[in-house]
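Fit chain B to the given chain U structure using the hints.
Each protein sequence line maps, in turn, to chains U and B.
One point on numbering: in the numbering used here, the residue at position 28 of the first sequence is 28, and numbering is uninterrupted.
One point on numbering: in the numbering used here, the residue at position 136 of the second sequence is 136, and numbering is uninterrupted.
Hints in this document: simulated from the structure, not taken from any laboratory.
Possibly wrong hints are sitting among the right ones.
[Said to hold, decoys possible] For lysine to aspartate or glutamate, the following EDC-like pairs were computed, each having C-alpha atoms within a straight-line distance of at most 16 Å: (1) B:K186 with B:D166; (2) B:K175 with U:E88; (3) U:K54 with U:E89; (4) B:K203 with U:E88; (5) U:K50 with U:E88; (6) B:K167 with B:E193; (7) B:K242 with B:E97; (8) B:K203 with U:E89; (9) B:K201 with U:E89; (10) B:K201 with U:D397.
Letter by letter, the chains look like this.
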Amino acid sequence: MATIPSPHTFRGGIHPAYNKALAAAAPIRELPLPARLTVPMLQHLGAPAKPVVKAGETVAGGQLVAEAAGFISAPVHAPAAGKVVAIEETLTASGRACAAVVIETAPEQVWQPLPTFPEWRFTDAKQLIEHIGAAGVVGMGGAGFPTRVKLSPPSDKPIDTVILNGAECEPYLTSDHRMMLEHAAEIRIGAEIIRHILGARSLRIAIEDNKPDAIAAMEKAFQDTDGDVAVTVLRTSYPQGSEKQQIFSVTGREVPRGGLPMDVGCVVENVSTAFAVFDAVVNGRPLVRRVITVTGDAIAQPANLLAPCGTLYSDLVAACGGVAGQAAKVISGGPMMGFAVSSLAVPTGKTASGLLLLSPKKISDFSSQACIACGRCVDACPMRLSPAELSQCIEADDIDGAEPLALMDCIECGSCAFVCPARRPLVHHMRRGKAVVMARRAAAKKTP
Amino acid sequence: MDPITTSTLCIGGIGLASAAALAVAEKYLSVPQDPRIGKVAEMLPGANCGGCGYAGCADYARAIVADNAECNLCAPGGPACAQAIAAFLGRAAAAMERRVAIVLCCGDDTEALRRAAYNGIADCAAAQATAGGDKGCAYGCLGYGSCARVCPVNAIRIANGIAKVDKALCIACGKCVAACPRKLIKLVPAAAEIHVLCSSKDKGPAVKKVCGTGCIGCRICTKLADGAITMDGFLAVVDYAKPLTNEETVAKCPGHCIRKDAPPPTPNS
Numbered sequence: 001m002a003t004i005p006s007p008h009t010f011r012g013g014i015h016p017a018y019n020k021a022l023a024a025a026a027p028i029r030e031l032p033l034p035a036r037l038t039v040p041m042l043q044h045l046g047a048p049a050k051p052v053v054k055a056g057e058t059v060a061g062g063q064l065v066a067e068a069a070g071f072i073s074a075p076v077h078a079p080a081a082g083k084v085v086a087i088e089e090t091l092t093a094s095g096r097a098c099a100a101v102v103i104e105t106a107p108e109q110v111w112q113p114l115p116t117f118p119e120w121r122f123t124d125a126k127q128l129i130e131h132i133g134a135a136g137v138v139g140m141g142g143a144g145f146p147t148r149v150k151l152s153p154p155s156d157k158p159i160d161t162v163i164l165n166g167a168e169c170e171p172y173l174t175s176d177h178r179m180m181l182e183h184a185a186e187i188r189i190g191a192e193i194i195r196h197i198l199g200a201r202s203l204r205i206a207i208e209d210n211k212p213d214a215i216a217a218m219e220k221a222f223q224d225t226d227g228d229v230a231v232t233v234l235r236t237s238y239p240q241g242s243e244k245q246q247i248f249s250v251t252g253r254e255v256p257r258g259g260l261p262m263d264v265g266c267v268v269e270n271v272s273t274a275f276a277v278f279d280a281v282v283n284g285r286p287l288v289r290r291v292i293t294v295t296g297d298a299i300a301q302p303a304n305l306l307a308p309c310g311t312l313y314s315d316l317v318a319a320c321g322g323v324a325g326q327a328a329k330v331i332s333g334g335p336m337m338g339f340a341v342s343s344l345a346v347p348t349g350k351t352a353s354g355l356l357l358l359s360p361k362k363i364s365d366f367s368s369q370a371c372i373a374c375g376r377c378v379d380a381c382p383m384r385l386s387p388a389e390l391s392q393c394i395e396a397d398d399i400d401g402a403e404p405l406a407l408m409d410c411i412e413c414g415s416c417a418f419v420c421p422a423r424r425p426l427v428h429h430m431r432r433g434k435a436v437v438m439a440r441r442a443a444a445k446k447t448p
Numbered sequence: 001m002d003p004i005t006t007s008t009l010c011i012g013g014i015g016l017a018s019a020a021a022l023a024v025a026e027k028y029l030s031v032p033q034d035p036r037i038g039k040v041a042e043m044l045p046g047a048n049c050g051g052c053g054y055a056g057c058a059d060y061a062r063a064i065v066a067d068n069a070e071c072n073l074c075a076p077g078g079p080a081c082a083q084a085i086a087a088f089l090g091r092a093a094a095a096m097e098r099r100v101a102i103v104l105c106c107g108d109d110t111e112a113l114r115r116a117a118y119n120g121i122a123d124c125a126a127a128q129a130t131a132g133g134d135k136g137c138a139y140g141c142l143g144y145g146s147c148a149r150v151c152p153v154n155a156i157r158i159a160n161g162i163a164k165v166d167k168a169l170c171i172a173c174g175k176c177v178a179a180c181p182r183k184l185i186k187l188v189p190a191a192a193e194i195h196v197l198c199s200s201k202d203k204g205p206a207v208k209k210v211c212g213t214g215c216i217g218c219r220i221c222t223k224l225a226d227g228a229i230t231m232d233g234f235l236a237v238v239d240y241a242k243p244l245t246n247e248e249t250v251a252k253c254p255g256h257c258i259r260k261d262a263p264p265p266t267p268n269s
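Isolated chain U (complex conformation) (with noise of 0.2 Å):
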């Protein structure tokens, strides 16, 4: 076990505010069960669960609620014990409507646990991904891909480096800053399994310098730790969170374009992953509740709160004394890759992790004006792209010219929309452009 500063910083990305005091220092405060929760069905990246129980059905707190449809794909638990009284059509916080269960919490709790391997080092790793993938543990970091695919690589790729990331580089956020504080040691033995699963022979933990006790308490937690254990202290620049600019700074190593972690030997985890999979292959609790940090300078007091996944946002801005003020601005996440809401009655999910209520004197109204050409966020883009010039391709509605200039490597992590001075959405433009590509590819499927 040691401590080593990363060895490369990748290229790129900007400083923004951090802005994390506002919540930074707040414990992690249980939420106390909401009358009625709207479980989306669609926590995850890839195809929404399908509902298994009916409306008028009592549910046991844990109980599968809508197993998965597909490979890409998780299922989802009821989050706590109640009465299911509709299926309705909810949106998500990210604008996509789907199917959500919603359940009436029962004053009474009955929790129906999934089986538990304590002997989780002599259990085979097959088994533990089937059941990690049955507790519908999926990526909490945001993008929520489902945990038992990144566990599972083709037997030609083989993993040598786990990579638990503690970065939390956005702005505001610091739910993970807490877990790693409160549930350290959770969290090493959540790692352990993961390296166990893969057979992986290094492990690095790693942090942003700007948390030095979060870098503290895991060096703690994972001081007696056998192999190459190390914690990895990463230089403070956003995006260090997302997983090829960190992998990067890590290892060195850069995942070619188009590919994935497991091309170059790495499977890079979220913290609160580890800690979901510890809970899980531990505990026999399915992943139904997770650290959500609501913050900003529109809101009462900023706390970290451990919501059952189906909370109303209402609910988690009531439970931290309401809007101070006015809020002009909601967003589901952090200010760099968040969505912005119109509405509070949209319920959380597994990759919910934080709402942001700003004031009116935190947003400033623009306009956008015409490129002018200056290159910073060719300077910002930590994926080498061209910003500027696929923003007015995309513009112009040349999606033809603006895939080879490699739209879909954008991770629209808004660096270049950060710096742009001309304030462009670029990272509005590359949604859209992406949308279309990706619509178009599925078109293609369909039709060979």
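The following block gives chain B in isolation, referenced to the frame of chain U:
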């Protein structure tokens, strides 16, 4: 030899050789084309709008002559064009009805609620991708003009946050139908004058909450329309295959979303 003579001879020689090669190619490699294709292409309006489903007027002309495609597919050309082509080719002139595009939403910014201030890219698909759009109604026209931008004849105007098609200008090419992310635009017979200008499948109270001119699913119009209006869940839909002339449907609609087209302006006014 002086450079001028040399270059003249060289360039001239290359020209002669190329001309000879082209002459040989013309004789042995030429592909005979049906001369009627060119004639039919001339009869088409040349708008290259693609509304017929082919890659442009020339491709459509080839399809008519070579693949025996129907000759009444050209919306901009209209019945006159179809008849001329049919007469030229000696085929029976198929009947053709003029169609126009219509936006099935009348919830403008006065009547329909906007639930957020959207200041992103002024494009309907981009707005739709941002938290499902800023319109209160999940089915209503967003009014950022994606349809108007693809219209080859500028027949679509955005006024007060809603798109409207100018019936007189529309050539029914169908580009706006494909451009609308909410699938609000339909091609309907130009002769039809009464429309249900709402696409909301929500129940009445939900519609009322977000829009003053939405269909509330009361079914009054279905009783008056003699089968020309049917219900799709909580939404009244006009069946354009049947005639709908009863103007009482317009007067009695409590949602005020059944509208009759304004009469076309007289040339003098």
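Query raised in the report: Does the structure break any of the earlier hints, and which numbers would those be?
Result: 2, 10
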